[in-house]
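Visitor: Chain by chain, the residues run as shown.
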Amino acid sequence: MLWTKETLKYPFYVMLHPFNGYWELKYERNNKINVVVSLIILILLALTNILHSQYSGFVINIYNPKEMNSIMEVVYVIVPVLFWCVANWSLTTLMDGKGKFIEIFNATCFALAPIVLIHFPWIWISNFISIEESTFYYFSTGFALFWFLYLMFIGNMTVHQFTPSKTIATMLLTIVAMGFMAFLCLLFFSLIQQIVSFVYVLYQEIVMRN
Amino acid sequence: MMWNWKRSVRSFLCFLIGAVALFSIDTQRAAAEGATDTYNYSFWGTTVKSPAAYTAEKIINGQQFDIGAFADPNDIHVTENQDIYVVDTGNQRIVILNKNLELVHVIDSFMNNGQEDTFNQPEGIFVNELNDIYIADTGNKRIVHLNDNYELEKIVDSPQSEVIKQDFDFKPVRVVVDKAQRIYVMASGVFDGFMEFNADGEFTTFIGANRVQVNPIEYLWKQLATKEQRSQMVQFIPTEFTNLDINEQGFIYATNGDSFGDTIKKLNAQGNDILRREGYFNPRGDENYYVDDGPSRLIDIDVWHSEIYSVLDSKRGRVFTYNGDGHLMYIFGGLGNLRGEFVNPIAIERLGNDFLVLDRALGEITVFEPTVYGTTLNEAVKAYYNGEEEDAYHLYQETINMNANLDFAYTGIGKALLRQGKYKEAMEYFKVSKDQMNYSKAFLLHRKQVLRGYFPYIMTGIVAFVLLWFGWKVFRNVRGGRRINAVD
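Keeping their order, the protein sequence lines are chains C and R. For the first sequence, position 57 (counting from the first letter as 1) is numbered 57 according to full-length UniProt numbering, and the numbering increases by one without interruption. For the second sequence, position 110 (counting from the first letter as 1) is numbered 110 according to full-length UniProt numbering, and the numbering increases by one without interruption.
It is possible that part of the hints are untrue.
[Said to hold, decoys possible] Have a look at the derived ranges for each label pair, beta carbon to beta carbon:
1. R:Glu388 with C:Phe128: 27 to 37 Å
2. R:Trp44 with C:Pro80: 21 to 31 Å
3. R:Asn353 with C:Tyr200: 51 to 61 Å
4. R:Thr460 with C:Ile168: 55 to 65 Å
5. R:Gln249 with C:Asn64: 32 to 42 Å
If you're looking for bench data, these hints aren't it; they were derived computationally from the structure. Heads up, the beta-carbon is just placed ideally off N, CA and C, and yes, glycines get one too.
Okay, chain C solo, but in the shape it has when bound:
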C-alpha cells in the first residue's frame, strides 16, 4: 500500500486539474487506493448530507425531526451513485467505452468531492446568515453542482476515451437508463411482494382449514 499525504491530496488535484488528474487516476495510480479514497469521499458526502439536514441554519433548512432519518440520507447518496455507475457501465460496454466498472465508480466519486468541500462548511456558516445573505448559499451550492457536472463530464470522457459529444450523449443516455433501472426495480419489488403475499395467503388457507 502506498498511503502517503499525497494520496489524500489527490482529490484536490483532480478537482483543479481534471484532465491530468483523471488520466493519472485511470492509468498511473494504484486502483485499490483509489477505491478506498472514493469510498471515503462517498462516506463524507453521506455524512455531509446527514449533518446538513440536521444542523443547517433555519433560514435555509426547515427541519422536521419526525421525518429525518440518517439511514435514508445515506441511501439518498449511495443509491443514485450506484445506479449511475451501473447504468453508465452497462451503456459504455455497448458503446466501446474503455472504462472498467471500478474506474467509473472512482471517477464518479472523485467528481463528488467539490460538493462535499462546499457543502460541509455551509452547514455551520448557514447558522449565521439572514434570508438576504442566503443568496450566497444558493450561489455556492449551484457552483458546487456545476463543478460536479464539469468533473463528471471530464471524468467520463477520460475514463472511456470518448469524444466530448459522445460523452454528452452517453451521459444523457445514462440518465434514461437509470430511469429504466428504477422502473425495473419497482417492478421487481412489487412482483416479489405479490408472490410473498400469495404464499402467505396460501399458508393461511392451509393453516385455517380444519
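Given chain C's structure and the hints, the job is docking chain R onto it.
Guide: Using the frame of chain C, we list chain R on its own:
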C-alpha cells in the same frame, strides 16, 4: 425479609397502575362528554388535534315562533345591530329575529304601486347599515329593495347594457350592498363575475370574473377533434361564484366552486384578487382529503372584524376560519345527525361572537358559541391585527397554553418579543412557527447586538494583530539584516 419487601413493592405498583387506569377511564369519559375536539393543520400538513373553538348551543327552526317551520331556507344575514334576517325560501317570506333570537317581524308581502306584491322563491338577502333590505327575489327575476319600515323603495330587474345579451335571464341568487349603495349581485348563469348596479339600480359593469380553468386532457381532445365535433363539445367557461360577502372597507369576499386554484377571493373595486395568502397553505378548506371525495366545495363566506373570514364547505359540512394573513384559525361542524352537525348546510353568519349556520334540508339554524379557547384566539388575532402587540403577546400565550399545536400563534408571540428587544427568544418562537422572514429579521438584530457587544474586543484583536505583525516584520528585518551582515 427481602421477599416481603419485594411483595409490598409489587402490590404498591399494582395499586398505582390500577389508580392510573381508573383515572384515565375517568378522564376519557370526561373527554367523551365534551366530544368537541376538532382538528387543525400543522405546518407539515398533518392533521393535529385542537380544542374546539365553537360548540353548538341552540337550534332554531321557526316552530318556536308559531310561524311554522322554515322550508328550504337559503340565506341568512345579520345586521350591524345584530338583527337576524332569514330567507325562508320555501315559505316565500323573510323572517326577522333579534339578537336574543326572538321573532321581530315576518315579511311576506309589500305594497308595489298600490298593489300587494309577494316574493317567489327568494334566495338571498342583504341589509345595510341604514336597515335597507335588499332581497334577491330569484323566482321573480328581480331585486327588491325595502326600507327599514318594510316599504318598497325600488325594484331592480331586467338589466340593460351593451355587454348583456338581449335574451339574458336575470336570476339573482345572492346580493350585497356597499356603503355607497352600489349593489353587487351574484346571478345564476353568469360567468363574467358579479353584476354591479349603481344606487339607482342601473347596471354598470361586471367585476371579478373567474379565470377559465382548462383540463389538459380535455384540451388535448379538443385539439384532436374536428370543427363539427368541437361544436358539440362542452365549452371552456369560467366557473361561477358560489357566494359573496362584503366587509366594512368595501372589499368583496367571494367563494367559487372550483376544485383547484384559488377558491376564496378578496376583490377590490377593480375586481382584482387581493387576498393575502401568507399562511402555511393557501386558504381552500381541507388540506387532507380522499382523492375520490375531492377538495372542499366552498359555498358561503362570512367576513368579520380584523379581516377574519370563515368559509363553509358543503362537501363535508365544515366551517373554516382564517385570519387576514391566511392562517387557519379553527375548524368546526361536520355532516351528521348530532347537534353541531348538519345535513345540508347552506349559509353561515356571525352574530356578535357567535356563529349561525343555516341548514337548508332541516330548516334549522344552529347557534354556535365560542369556547374559552375560541374567544381567546379571536381576541388574540384582533389584538395582533390592530398592532396591540403587548395584548396579543399575552392572548397568544394563553392560546398556546390551551393548544400548543397552533403554529402561527408563535409568530404573534415572537413579534411582541422582537418589539421588546428580546431577539434571541423571538428567534426561538419564529423557529417554532416556521416563520423564516421574521426569524431572519430577529436574527439580524440579534447578530448586530452580539457583535456590538464584542466590538471592542474584536477591534482590539485586529489592531493588536496588525501591530504584532508589523513588529515581527521589523524585528525580523533588523535581525535578518544583522545576520546578513554577520555572514558578510
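Visitor: Quick one: which hint numbers does this structure break? Sort them smallest to largest.
Guide: When the structure is compared with the hints, none of them turns out to be violated.
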